[in-house]
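Visitor: Listed below are the residues making up each chain.
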Amino acid sequence: MKEPSNLKEDVEYWRWHEYHRVVEGKKWTSKDIITAGVDVGSVGSKAAIMINGEAYSWGITRTGSNSPESAKKALDFALEGTGLKVSDLKYIVGTGYGRVNVPMANKAITEIACHAKGANYIWGPSVRTVLDVGGQDIKAIRADETGRVVSFLMNDKCAAGTGRGMEVFADLLKIPIEEIGDISLKIEEEPPPVSCTCVAFAKTEAMGLLRKGWSKEKVLAAYTRAMAVRMANLINRVGLEKELVVTGGQSKNIGIVSRIEVILGVKTLPMPKWRESGLDPMVAGALGAALFAKALYEKDQKS
Amino acid sequence: MKNMITHYGYTDGSGEYYIVIDTDRCNGCGKCVKECPQSALQLETMFIDLEDKTVASVSEEHRKKIKYTCSSCKPERNSAPCVLACEGKAIRCVWNSR
Ligand code: SF4
Ligand code: SF4
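So the protein lines, in turn, are chains R and H. For reference, each letter of the first sequence is one residue, going 13 to 315 in our numbering. For reference, each letter of the second sequence is one residue, going 81 to 178 in our numbering.
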């Protein structure tokens with residue numbers, strides 16, 4: 013795994029780290045059903061490779077201006093160090109916002125189905141509610157014990173409550189994106205949420221608060237709180253059922269996750285230790301897509 | 081097995097506004113799409129139980145402004161054209177202003 017380089021003075025604060033990983037101690041042969049899922053989101057592109065339905069490797073990169081290239085980049089990244097070639101993959105499913113632009117995919121599937129399936133794989137069958145906070149939208153999904161979707165709500169009015177909104181804030185406050193959650197919790201008392209109807213608005217509001225003498229931490233807390241309130245609303249609409257998990261880029265934002273827990277009065281299932289050797293909740297959609305790829309491949313073989 | 085229910089819309093300071101579609105009841109006949117005076121509805125392919133299924137959904141463009149899109153239909157009365165068009169009662173409006 014590539015470790016993030018140390019942050020320097022002239023850093024772009026919104027930039028999170030791209031990385032890839034191959035699960036240690038796993039081997040493949042040509043007899044195995046090797047499948048891939050490629051999830052092209054508005055901000056990040058993720059690809060996951062599975063051997064017989066077990067996670068083997070993945071890669072996470074930033075989505076560029078061109079979806080097909082981002083898809084290829086993510087998949088190449090996931091293949092790196094595995095000895096596998098694209099031609100070894102029996103079936104590839106594309107998903108996410110850019111799913112129709114995954115040129116190597118055998119099929120495109122909506123991300124809702126893939127996220128629910130992937131969360132079921134990462135956390136197990138007790139997962140009933142999945143909150144996915146992506147770069148440009150939020151999805152609240154309710155699923156059964158097999159990861160089948162029973163209810164979902166997609167979208168929000170704008171980017172304010174999403175990964176992209178957080179990036180704008182990281183830049184504004186000059187706080188590295190990966191520290192933003194912790195820093196939003198460094199406050200004595202939770203300030204009232206900002207009104208936050210859209211990113212541009214929230215930004216103006218934040219600048220006003222900074223001028224009024226609010227600390228960065230406090231401004232960030234107010235913004236994070238506003239995001240968490242909106243997300244909790246979405247979850248309540250689809251119906252909260254335990255266990256709750258958070259996927260997508262913002263799943264790593266402890267400031268968001270802990271506030272949602274407080275508002276809803278439930279704990280989320282603990283985050284897998286993705287920095288060490290666990291699965292990364294950011295690749296839930298890609299993992300779900302790779303699982304569907306296996307199921308579809310097997311279905312094709314039978315018919 | 082529980083039916084898969086989709087919600088399109090949002091909750092904001094003024095209330096909650098959602099078009100709710102039961103994708104198991106929806107047969108993709110497209111009648112609601114035809115009847116909608118704002119062209120807010122569309123047919124979309126969804127992947128359900130390893131099969132592709134064509135069902136109604138709210139178009140991307142209208143999801144973010146559904147409160148305004150639908151206001152002339154008086155969706156709170158549940159007699160909007162889309163609701164009346166659907167024989168299988170697959171579509172409904174959830175309109176609760178605060
Ligand atoms: S009228 Fe009803 S069954 Fe027909 S497409 Fe619309 S929601 Fe589906
Ligand atoms: S309430 Fe009216 S505008 Fe809204 S989807 Fe139904 S028919 Fe279209």
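A couple of the hints might just be wrong.
Here are the simulated DSS-like pairs of lysine-lysine, each with C-alpha atoms no more than 30 Å apart in a straight line [stated by the list, open to error]:
#1 R/K279 to H/K111
#2 H/K114 to R/K215
#3 R/K254 to H/K111
#4 H/K82 to R/K215
#5 R/K119 to H/K82
#6 R/K254 to H/K114
#7 H/K133 to R/K119
#8 H/K144 to R/K119
#9 R/K119 to H/K147
#10 R/K285 to R/K39
#11 R/K215 to H/K144
#12 H/K145 to H/K133
#13 H/K169 to R/K102
#14 H/K145 to R/K311
#15 H/K133 to R/K311
#16 R/K254 to R/K43
#17 R/K314 to H/K82
#18 H/K111 to R/K119
None of these hints come from the bench; they were simulated from the model.
Visitor: Between the alpha carbons of R/K279 and H/K111, is the straight-line distance 30 Å or under?
Guide: Violated, at roughly 43 Å.
Visitor: Are R/K119 and H/K82 close enough, with their CA atoms no more than 30 Å apart?
Guide: Holds: R/K119 and H/K82 sit about 26 Å apart, inside 30 Å.
Visitor: Verify the proposed pairing of H/K133 with R/K311, using a straight-line Cα cut of 30 Å.
Guide: holds (17 Å)
Visitor: Going straight from one Cα to the other, do R/K314 and H/K82 come out at no more than 30 Å?
Guide: Status holds; Cα separation ~27 Å.
Visitor: Next pair to validate is H/K82 with R/K215; report whether the Cα-Cα distance is within 30 Å.
Guide: violated (42 Å)
Visitor: Can you confirm whether the C-alpha distance between R/K254 and H/K114 stays at or below 30 Å?
Guide: violated (39 Å)
Visitor: H/K169 and R/K102 were given as a pair; does the straight-line alpha-carbon distance stay at or below 30 Å?
Guide: The given pair, whose Cα atoms are some 41 Å apart, is violated under the 30 Å limit.
Visitor: Take the C-alpha atoms of R/K254 and H/K111, compute the straight-line distance between them, and say whether it is at most 30 Å.
Guide: With Cα atoms ~37 Å apart, R/K254 and H/K111 exceed 30 Å; violated.
Visitor: So if I understand the rule, the pair passes when the alpha-carbon distance is 30 Å or less; does H/K144 with R/K119 pass?
Guide: holds (28 Å)
Visitor: So if I understand the rule, the pair passes when the alpha-carbon distance is 30 Å or less; does H/K145 with H/K133 pass?
Guide: Between H/K145 and H/K133 the Cα gap is close to 26 Å, so the pair holds against 30 Å.
Visitor: Tell me if the straight-line CA distance from H/K111 to R/K119 falls inside 30 Å.
Guide: Distance of about 28 Å is within 30 Å: holds.
Visitor: Given the hinted pair H/K133 and R/K119, is their alpha-carbon gap at most 30 Å?
Guide: holds (14 Å)
Hint compliance for this structure: hints 1, 2, 3, 4, 6, 9, 13, 14, 16 are not met, and every other hint is.
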